[in-house]
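There are 2 protein chains.
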Amino acid sequence: MSDTSTAKAVITLSVGDETVSLAAAPDENLLEVLRQRPDLAPPAPCAGRGRCGLCRIILESTGKGGTPEIHEDERALLTDADLKDGIRLACRVTAADGMRIRLEEAGIAHIETRAEGSEVELDPVLVKRAVILPAGSLEDQRSSAARLEEALDLPGGSLPHGLSRLLPSIPDGNTPLTVVLDDGRPVALDIGIDTTEALWAAAVDIGTTTVAMYLVNLADGKVVGSHAELNRQGPFGADVISRLEHARKGAAEVVELQQTIVGQLSGLLKALVKEHGVEAGDVHLLAVAGNTAMIHLMAGWDAKGLGEAPFLPAALDSPPFPGKDIGFKGFPRLRIWPLPSLSAYVGADITGGIVASGMHVRDNTDLLLDIGTNGEITLGGSGGLVCCSTAAGPAFEGAHLSSGVGSIPGAVDHVDWIDGRMTFSTIDKVPAVGFCGSGVVDLVAFFVKSGLMDDTGRFVDQLPEATLESDGEGRFGGMTIEKGETGPVFVWGINAAAGRRLLFTQKDLREVQLAKAAVAAGVETLLRQAGLTAEDVGTLWLAGGFGSYIRPDSAAVIGLIPTDLASKTRSLGNAAARGAILCLLSREKHEEVRRLSDEAKTIELSGRPDFQNAYIEAMMFPAG
Amino acid sequence: MSDTSTAKAVITLSVGDETVSLAAAPDENLLEVLRQRPDLAPPAPCAGRGRCGLCRIILESTGKGGTPEIHEDERALLTDADLKDGIRLACRVTAADGMRIRLEEAGIAHIETRAEGSEVELDPVLVKRAVILPAGSLEDQRSSAARLEEALDLPGGSLPHGLSRLLPSIPDGNTPLTVVLDDGRPVALDIGIDTTEALWAAAVDIGTTTVAMYLVNLADGKVVGSHAELNRQGPFGADVISRLEHARKGAAEVVELQQTIVGQLSGLLKALVKEHGVEAGDVHLLAVAGNTAMIHLMAGWDAKGLGEAPFLPAALDSPPFPGKDIGFKGFPRLRIWPLPSLSAYVGADITGGIVASGMHVRDNTDLLLDIGTNGEITLGGSGGLVCCSTAAGPAFEGAHLSSGVGSIPGAVDHVDWIDGRMTFSTIDKVPAVGFCGSGVVDLVAFFVKSGLMDDTGRFVDQLPEATLESDGEGRFGGMTIEKGETGPVFVWGINAAAGRRLLFTQKDLREVQLAKAAVAAGVETLLRQAGLTAEDVGTLWLAGGFGSYIRPDSAAVIGLIPTDLASKTRSLGNAAARGAILCLLSREKHEEVRRLSDEAKTIELSGRPDFQNAYIEAMMFPAG
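Residue numbers (the working numbering), protein chains in the order written: chain A, 1 to 624; chain B, 1 to 624.
Same shape as in the complex, but just chain A (with noise of 0.2 Å):
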């Protein structure tokens, strides 16, 4: 933003039925200016780089300056009919006095919320406990608080002086209280009646793109509802390296990451508790999972340390804190609890995954993947973990490809290639906007059987013409085949109204080569270490949205599971979340999540020889 002062522009920004005004400094983009409201600002995963073309606004008036020209990333990133639509990228038109733009309706990602299904007993840890506070007398001249304390079975004077001060002198007669333990530390207290049957917790799992929330009636150990939506810190970048970078410009960017992502948290809660008719005071216990660096930025905990080796997070757990001290706001009881994590790369989303798995109770040796920018990996079972996260980059989560996207409607998820001709699934149904990546692998795995690539990754010159059967119209198998600066470019045309196109190129082959390497190598080099092969293997656990969504078998045929593991893979969802649920729950699981950072074992693979040699193995392709 500049930081001059002088001629300052006002915008007009309309969000459906809603307009607000925004002020905008002088060369400042609409991007800059869109995230005073982020809770309206269109994703960016690029940061404001004009590569993802996500940060579409529709210019409704150009105001003063006359109409911006057109970026050269706009004509790249934009079709001819979006710029007719008024149809631009906010990261790359300069904001005017006077403009009017509008957000299209927000295509809401598909997230994976499947995190119910628990199949603990229910002993969780805060608990509400109803007690009656007895009359006192000339013969029993006790403070409230001491009577308390004999109740709850506490030694005397440690009650906390936060809740002492809500007890009345006089009870009235026999006076109910309840009161909300804390592995048995009273934390809240209901003066007058008993309120055992409303208990409420969430879990939520702060994820680098999305937030998935769940609310939890510890009453009953139900999970009664739901809330997912992109990550509102999108726009100060897509990834955690460019969070961390922005993080690092001061205190002022630290504390506007930390209350976007806070402000997001309270405002899902509050949709579902008014969903699901829930006190907001009665809402006890929020637990967190999400990478180390979400809960970093959470938390208030100093991130430097994650972006930059030797990657030394501040901290990697904590007690509950009250939830006012990081600005929660309308949950005047909430507690925070983050999930511990492990260090800077395996966080507090892979030990809810860990826990969600039950591979460390188990007497198996299991396998944990858990596949994003970062790959993290767990092996072992009762008998210890081992936890390393690998730099897949984000091809699988549908950046830094041609057509790639994340996990929106029309996303194309699946890729199937029937009587000859591939033909696409996509998110939702709608017409397919790009890939993301479980299509990808999927994509992938079809050119690998295909013959249409090498096994060094490389396109082959000539089409196998017994594989693609020609239309005729130069299409084939339902493709074009251009050629690029690199090799031959893969095209659909897959929404003709729209006029746009999805592609793969070499290059974005070798994007996903990279990637799936890295995971693959990360596998083999825990596997190695242990003495174990992927035979060893018990089962093969999938976390997240892609792990959900990914095929075994395409991902074995790419090589980024081992072929013996293909079968023995099972889907956890929102692993993550499901975790935290699951502590919210159960003591047992509880303190299982406490005793991980005992158990499990992190090692660092950059710099490793065996994880270079295994890395420059898995680069290979399997033979089709």
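Honestly, the hints are just simulated from the structure, not real lab data. There's no promise every hint is true.
A pair counts as met if it fits within one copy or between any two copies, since identical chains are not told apart.
[What the hints assert, rightly or not] Calculated lysine to aspartate or glutamate pairs in the DMTMM-like style (CA-CA distance at most 25 Å, straight line):
| no. | residue 1 | residue 2 |
| --- | --- | --- |
| 1 | 601 | 139 |
| 2 | 324 | 190 |
| 3 | 601 | 149 |
| 4 | 324 | 182 |
| 5 | 222 | 182 |
| 6 | 601 | 150 |
| 7 | 324 | 153 |
| 8 | 270 | 18 |
| 9 | 507 | 190 |
| 10 | 449 | 617 |
| 11 | 304 | 140 |
The hints should help you fit chain B onto chain A, whose structure is shown.
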């Protein structure tokens, strides 16, 4: 301070490297002279009455007057070694021209940490520890929080969020940290610096009438200064009951009372830290003594139950809590620790007094008496304590008497009968304005001994001529005797110029009679219940201002204390604050005071037949 300005003396004061000259009026004592420089003046909780022994100075040169005679108070409060070293009490040495004195330490008066013989070793519960936060590496990627937990020998994951969010993720090499630990739990943190030399606490006694605060250096165990003021809740009622009545009016009144005292505490602490150059952020704990009602009003505990039978408190103790929770401003890291009270009427002033006396750890059976509007009585020793409170009424505080006053300048604190003539000494040696408690006791003792009243507390009709020497002008022994409605009225024309007269009536005598009977009956009840007599008591400890000034012989003469104990009294001064200071300085004393609620039994006297019998018996005066 004298108001004449003739014959000025000049004395020289050295403090560290600083030397200043101060002018002294004739007959002014050194403490009065030193008060010209409140930044340097030693504390004098007894207000210069030779009771506290805290205004120690080194007399380097005697000046023109020769060596000042050693006062009996100095003999009582200083050791032979002190005297040999030239140490004197400033309040007991008259300034002389050319005198050179030195304060023992720069800006800091040496304060005994002895409480009447019970010496404590500096071993505070609140400590600072300097630790090194080692730099991380690829081989040691633990979090800063985990490194700190290890350095402090704390369980993993126990560092509170309030501190973990202060930690740098990348310690700059091996980073020095200073951690404030309260009973082993970390409560504050200084980053990058060893601040172990700057650890401060304060102790305060919130009396109904006066508030006295002491600033304590926990790094070396010294009490560096004190300030006392009238309790600013005074306008809401002079006594506990009227304060409680005000609080009963509603929530706004409760807040009003709380904000008044919290604002006063904060102001006192600000003045102290300013005077002694202490950073507000280095003051970490305020130990609060006071009666149960004052503690309730300060802590925000519901005080409704205190004022009426069956006398129920909301709480009697609490772990330390953040000052900001009660609106304490200006001290971001201050936590408040109310010393434990024992019942609605046996407060943290008494537990402080018990600790100050040391009676709870001695094998003797001792008696502790704190006489104000209520007389709190404690009997026992290391084998256990029994406490009670009797409603003495405010006569000993000067209230409800024709010419009663508090301990203000001009209050008659002692009455003597010398050569057939009554003489008065007054506080600050200014003309008499009324009788304070100790003066009243002396006066009534005179009436008992003179035969002017009978043992039922009735003034005799005929003056015993032998006792009173007439001056031939209607004055007998300095008094004139007028006829009042219910008997003679004794009148002293003290300040003829102002026309002020001091009176003492039959009704006044009845007030004193009721008050002394209540206290004496309480003592008698406790003794009988324990199967003891006064002879079995080792020491009678007298707490508070009244206890400091009262003449034990006079108290015995009027039957306030058993005759057998008159020679066994010891005065504790501000015992409540002294006890609080000891608890700050000594882990042992801290634990002792917390155990008192188990070891000390409180009994309710109201309605007990044995107390009622004793009360009626104690109503009589001993034979003169």
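A quick look at each hint next to the structure:
1. Taking the shortest alpha-carbon separations for residue 601 and residue 139, only the inter-copy value of 12 Å comes in at or below 25 Å, while the best intra-copy value is 59 Å.
2. In this assembly of identical chains, the alpha carbons of residue 324 and residue 190 lie at most 25 Å apart whether taken from the same copy (20 Å) or from different copies (23 Å).
3. In this homomeric assembly, residue 601 and residue 149 come within 25 Å of each other (Cα to Cα) only across copies, at 18 Å, whereas the closest approach inside a single copy is 40 Å.
4. Both within a single protomer and between protomers do residue 324 and residue 182 lie at most 25 Å apart by alpha-carbon distance, with minima of 18 Å and 24 Å respectively.
5. For a Cα distance limit of 25 Å, the shortest separation of residue 222 from residue 182 inside one copy, 19 Å, qualifies, whereas the shortest one across copies, 40 Å, does not.
6. Taking CA atoms no more than 25 Å apart as the test, residue 601 paired with residue 150 passes between copies only; the shortest distance there is 17 Å, against 42 Å inside one copy.
7. When the C-alpha separation of residue 324 and residue 153 is checked against a cutoff of 25 Å, the pair qualifies neither within a copy, at 29 Å, nor between copies, at 29 Å.
8. In this assembly of identical chains, the alpha carbons of residue 270 and residue 18 lie at most 25 Å apart only when taken from the same copy (20 Å versus 51 Å across copies).
9. For the homomeric pair residue 507 and residue 190, neither the shortest alpha-carbon distance inside one copy (62 Å) nor that between copies (52 Å) is at most 25 Å.
10. Proximity of residue 449 and residue 617 under a CA criterion of 25 Å is satisfied intra-copy only: 20 Å inside one chain copy versus 111 Å between copies.
11. In this assembly of identical chains, residue 304 and residue 140 lie within 25 Å of each other by CA distance solely across copies; the values are 17 Å between and 57 Å within a copy.
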